[in-house]
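Using the sequences plus the hints, can you model the full thing?
This is what each chain is made of:
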Amino acid sequence: MPAPFTGPVRFLGRFILSGLAHLGRLSLLVAEVIRGFAQWRIWLPRSVAEAANVGGGSLFIVLMISAFAGAVTALQAGYQWQSSLPAYVLGGVIVETIVLELGPVLIGLVLAGRIGARYAAELGTMRVTEQIDALESLGRSPASHLIIPRVLASTVMVPVLVVIADVVAVGAGWIGVKEVLPITDWDFRYGAQYFWRSFDAWYSLIKAVSFGCAIGLISCYMGFNTKQGAEGVGKSTTAAVVASSVIILLLNVLLARILLHS
Amino acid sequence: MIVLSGVRKRFGEQVVLDRVNFEVQEGETVALMGPSGSGKSVLLKHINGLLRPDAGSVKVDGLEVPTLKRQQLAELRTRIGYVFQNGALFDSMDVFENVRLGIADDSKYRDLDYARDRVRECLRLVNLHPDEMRKLPAQLSGGMRKRVGIARAIAGAPKYLLYDEPTSGLDPVNADVIDELVKRLEEELGVTSVMVTHDVRGAFRVADRLALLYDSTIVLEAPPEEFRASADPRVRAFLERDFDSTSFAA
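As given, the protein sequences belong to chains A and B, one line each in that order. Sequential numbering from -16 applies to the first sequence in this note's numbering. Sequential numbering from 192 applies to the second sequence in this note's numbering.
Simulated from the structure, these hints should not be mistaken for lab results. A hint or two may mislead.
[Unchecked claim] In silico EDC-like pairs for lysine to aspartate or glutamate, Cα to Cα no more than 20 Å straight-line: (1) B:299 x B:288; (2) B:260 x A:15; (3) B:350 x A:119.
[Stated by the list, open to error] Here are the computed distance ranges between Cβ atoms for each label pair: (4) A:181 x B:243: 49 to 55 Å; (5) A:-2 x B:261: 31 to 37 Å; (6) B:204 x A:46: 50 to 56 Å; (7) A:8 x B:360: 29 to 35 Å; (8) B:209 x A:245: 57 to 63 Å; (9) B:209 x A:218: 26 to 32 Å; (10) A:6 x B:406: 37 to 43 Å; (11) A:218 x B:410: 36 to 42 Å; (12) A:233 x B:374: 56 to 62 Å.
Glycine included, C-beta positions come from ideal geometry on N, C-alpha and C.
Here's what the structure looks like:
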């Protein structure tokens, strides 16, 4: 009869082994990507097309979400601080909240769903229909044809979309707060400038670049390692979105600790 | 020349290939038959290095495929055209781009004039009109997709052609067209071919030699007459079952 702790130990062992296997395969994929960079004639035009596709396709949802998020941030900040602080402080609070946190994280999570699901489903379908095998059998590198363009597109386009989201959200917040509080444009601008540090923009951009790279790499990895037909494509798509979202949240904490408190 | 000796492959607990010996001489066409799930496609994928054996040797032109470095393997693959079961065409690319990807030499691949001529020539060899070049795979019938897959495989002027069930899922007329094509490519291009198939009738029409993969191993490898005359019960069972179903369909 097995000891009572065998089950949990076995589960933990399998969990650790599976985690290590993922790490190993991800490292191999990264190595492939690095090697594939030499074939710039292949990945460059595909990256440009992919970036245009990802950027153009995500713009509407990014504009919608950032406008609503900016307006709600302003309304809630106005509700909490309507009489306890000078009005200009709200300008700083709204801009800083959006640029430091809301813009990159909210847009990162939305794009993890939109771009991550798309990449994983595309590559997963290509894997189960043997298109990736076909590419390899033609002596061509899947990294330079399929992975680098996608990782680069998301690494470049997520920051671009985050900057657009920041601008739209701040604009929506500015309009929103003026609707509910007697704050002037001068107050809002003064507050925003008073609390602003140029590093804030860099911080937002660094986060966006990291999130974009993580989304691209993780979803390509999940799609590339798809198994077992349509069910496998479904599983890897879900896993890509979940894993990208979790990594974004982890990176968010990590970058805040490293960049803001070191 | 392709030589597999003592090849073993297992996926988890399931042994798919067990001490398989298989040989293909230059210029011949060998049909590899066997029941579904017997490991025919797995064997084929060992030849161009898409899979590595757990044990044994896979040699193509004297090169030990599983030990080749990345660059050497990519180079070898340009000499081996692989025709996938369902075409494995790239959905997002039109027929021209799909076939163009098969051009092995990078400078020729980038030369648009050469690529256009080469794609046109390959489409002609597989009986497709150049007007089909701008169509996407989704706009093609099953038989046309298979022929585009063959056109892509021959675009790099390979020395070997590996066909993974080229006639599966096709009606008898289209299956005959593909069989004719395999035979014609062997004659016109002088390629050495390995064809994995269920279709006994097609295999006898096309192949110089036939092999039966059964129970994870090759039970017989022989010319058509010898294969047909074999008294091995596994060969008889396979042939008779297929002939029965063919006569039933007719």
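Outcome for the supplied range 36 to 42 Å, where the beta carbon pair is residue 218 of chain A and residue 410 of chain B = For residue 218 of chain A and residue 410 of chain B the Cβ distance comes to about 38 Å; the hint holds.
Using the Cβ atoms, figure out if residue 233 of chain A sits within 56 to 62 Å of residue 374 of chain B.
-> 59 Å, holds
Residue 6 of chain A and residue 406 of chain B, beta-carbon distance inside 37 to 43 Å?
-> 38 Å, holds
Starting from the range 26 to 32 Å, see whether the pair residue 209 of chain B and residue 218 of chain A falls in it by beta-carbon distance.
-> 31 Å, holds
Within a Cα-Cα threshold of 20 Å, do residue 260 of chain B and residue 15 of chain A meet the stated pairing?
-> Satisfied, since the Cα-Cα distance of roughly 14 Å is no more than 20 Å.
Confirm or reject the claim that residue 204 of chain B and residue 46 of chain A have a C-beta distance inside 50 to 56 Å.
-> 53 Å, holds
Below or equal to 20 Å on CA atoms is what counts here, so check residue 299 of chain B against residue 288 of chain B.
-> Answer holds: residue 299 of chain B to residue 288 of chain B is near 13 Å, not above 20 Å.
With respect to the beta-carbon atoms only, verify the hint that residue 209 of chain B and residue 245 of chain A lie 57 to 63 Å apart.
-> The hinted range 57 to 63 Å holds for residue 209 of chain B and residue 245 of chain A, with Cβ atoms some 59 Å apart.
Range hint compliance [Cβ, residue 181 of chain A to residue 243 of chain B, 49 to 55 Å] | 53 Å, holds
Taken at face value, is the distance from the CA of residue 119 of chain A to the CA of residue 350 of chain B at most 20 Å?
-> Status holds; Cα separation ~17 Å.
Starting from the range 29 to 35 Å, see whether the pair residue 8 of chain A and residue 360 of chain B falls in it by beta-carbon distance.
-> At 33 Å between Cβs, range holds.
State, for the Cβ atoms of residue -2 of chain A and residue 261 of chain B, whether the hinted interval 31 to 37 Å holds or is violated.
-> Given range 31 to 37 Å: holds, Cβ gap about 32 Å.
Of the numbered hints given earlier, the model fails none.
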